[in-house]
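J.: Note that the numbering used here numbers the sequence shown so that position 78 is 79, with each residue one more than the last.
In case anyone wonders, no lab produced these hints; they're calculated from the structure. Think of the CB as a built atom: it goes at the ideal place given N, C-alpha and C, for glycine as much as any other residue. Any given hint might turn out to be false.
[To be verified] Pair by pair, the computed Cβ-Cβ distance ranges are:
#1 Leu101 - Lys8: 48 to 54 Å
#2 Leu135 - Ser5: 39 to 45 Å
#3 Gln197 - Leu101: 20 to 26 Å
#4 Asp30 - Lys76: 14 to 20 Å
#5 Met165 - Asn44: 51 to 57 Å
#6 Asn17 - Ile206: 40 to 46 Å
#7 Ser73 - Phe136: 35 to 41 Å
#8 Val103 - Leu192: 18 to 24 Å
#9 Phe120 - His232: 34 to 40 Å
#10 Lys200 - Glu34: 55 to 61 Å
#11 Ile206 - Lys55: 46 to 52 Å
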Amino acid sequence: MITSQQKHELTLFLSNKNLPLDLKSEILDHILEQVDYKTTCENKDFNTSFNEIKKSWKWDLKMCRRFAWEKSYTKIHRQTIRKTGVEILKKSLPYFAAYLLVSLGLMFYNKALASNFIFTINSLAVIIFLIILLFNLKIIKTASAPYGKNNISYLQKRAYYFLMANLMIPTLVLLNFDNRFDKYYLSLMNLVNNHQVNKWLFISILIFNVYAFFWIYGYHYFVEYKKSVRHLEQKIDFKL
2 MITSQQKHEL
12 TLFLSNKNLP
22 LDLKSEILDH
32 ILEQVDYKTT
42 CENKDFNTSF
52 NEIKKSWKWD
62 LKMCRRFAWE
72 KSYTKIHRQT
82 IRKTGVEILK
92 KSLPYFAAYL
102 LVSLGLMFYN
112 KALASNFIFT
122 INSLAVIIFL
132 IILLFNLKII
142 KTASAPYGKN
152 NISYLQKRAY
162 YFLMANLMIP
172 TLVLLNFDNR
182 FDKYYLSLMN
192 LVNNHQVNKW
202 LFISILIFNV
212 YAFFWIYGYH
222 YFVEYKKSVR
232 HLEQKIDFKL
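Modelling step: build the complete structure from the supplied sequences, incorporating the hints.
T.: Next comes the structure, spelled out in C-alpha cells:
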C-alpha cells in the first residue's frame, strides 16, 4: 500500500516536466500502479521500485524542444498531441469533405442553391457555437487563455481553433456574403472555363472552406477537451 508521503514524492517527480494536468494525472496513475505492483508482488522496497520506474520512464519523460525559443516538453507529451491530432483529423475530414463536395457540386449545378447552402451552413455553425458558448463559457474561456497560465490539457491549445473559427465566420464569411460569394463563384468558373487563376480564388477558398474546416476540427477538439475537464473534476476534485 502506497502512503500519502510516497504518493507526494511520485507527484513531485512529475512536477517539473511541464505536463498538462490531465496527462500528468494519467501518467501518475500508471506510476502508482507500477510501484504498487513492485512493492506488493515483487516484494521490493519503495525506493528501489521508484528508481526502477524512473529508469523505465526516462525516455518518455525526456524534455526536448524543436526550436531554441520554444518551451521544453516531454516526448510523451509531444507524442500524445501528435497522435490525438491525427485521430481528430480523421474524424473531421469526412464532415469537411461532405461540405466541400456538396458546396462545389451546387456551384456547378445552381449558383443560387450553392449560395443558400453555404450561407445556411455557416449561419448554423455560428448559432451552434453560441448555444455551446452559453452552456460552456468557463471551458471555452480556459481554451482561449494563455497555455502557460492554464495548463489543464494537451487538448486545450487546439480547442482554441473552435473559438477562432467562430470569430472569423461572422466577420469574413457572413458579413457582405453576397459580394464575397460572387467573387468566389466567378473565380471558380474562370478557373474551370478559362484555366485562369486570380487572387480572389485563393482568398475565396480561404474564406469559404478553410474556416469551415477549422470549425469542424476545432469542434472535435473542444468535445474531447470538455470530456477531459469533466474527468478531472470527478477524479481529483478539479475546478475551473
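J.: Evaluate each hint against the coordinates.
T.: Verification of the hints:
1. At roughly 50 Å, the beta carbons of Leu101 and Lys8 sit within the given window of 48 to 54 Å.
2. Distance hint check for Leu135 and Ser5: the Cβ-Cβ separation is about 41 Å, which falls inside the suggested range of 39 to 45 Å.
3. A C-beta distance of roughly 22 Å is found between Gln197 and Leu101, which places it inside the suggested range of 20 to 26 Å.
4. Under the hint 14 to 20 Å, the C-beta atoms of Asp30 and Lys76, about 19 Å apart, fit the expected range.
5. Between Met165 and Asn44 the Cβ separation comes to about 54 Å, which falls inside the hinted range of 51 to 57 Å.
6. About 45 Å separates the C-beta atoms of Asn17 and Ile206, a value consistent with the hinted range of 40 to 46 Å.
7. Between Ser73 and Phe136 the C-beta distance comes to about 36 Å, which sits within the given range of 35 to 41 Å.
8. Checked against the hint of 18 to 24 Å, the pair Val103 and Leu192 passes, with Cβ atoms roughly 19 Å apart.
9. Under the hint 34 to 40 Å, the C-beta atoms of Phe120 and His232, about 38 Å apart, fit the expected range.
10. The beta-carbon spacing between Lys200 and Glu34, approximately 58 Å, falls within the hinted interval of 55 to 61 Å.
11. For Ile206 and Lys55, the Cβ-Cβ distance of about 50 Å falls inside the hinted range of 46 to 52 Å, so the restraint holds.
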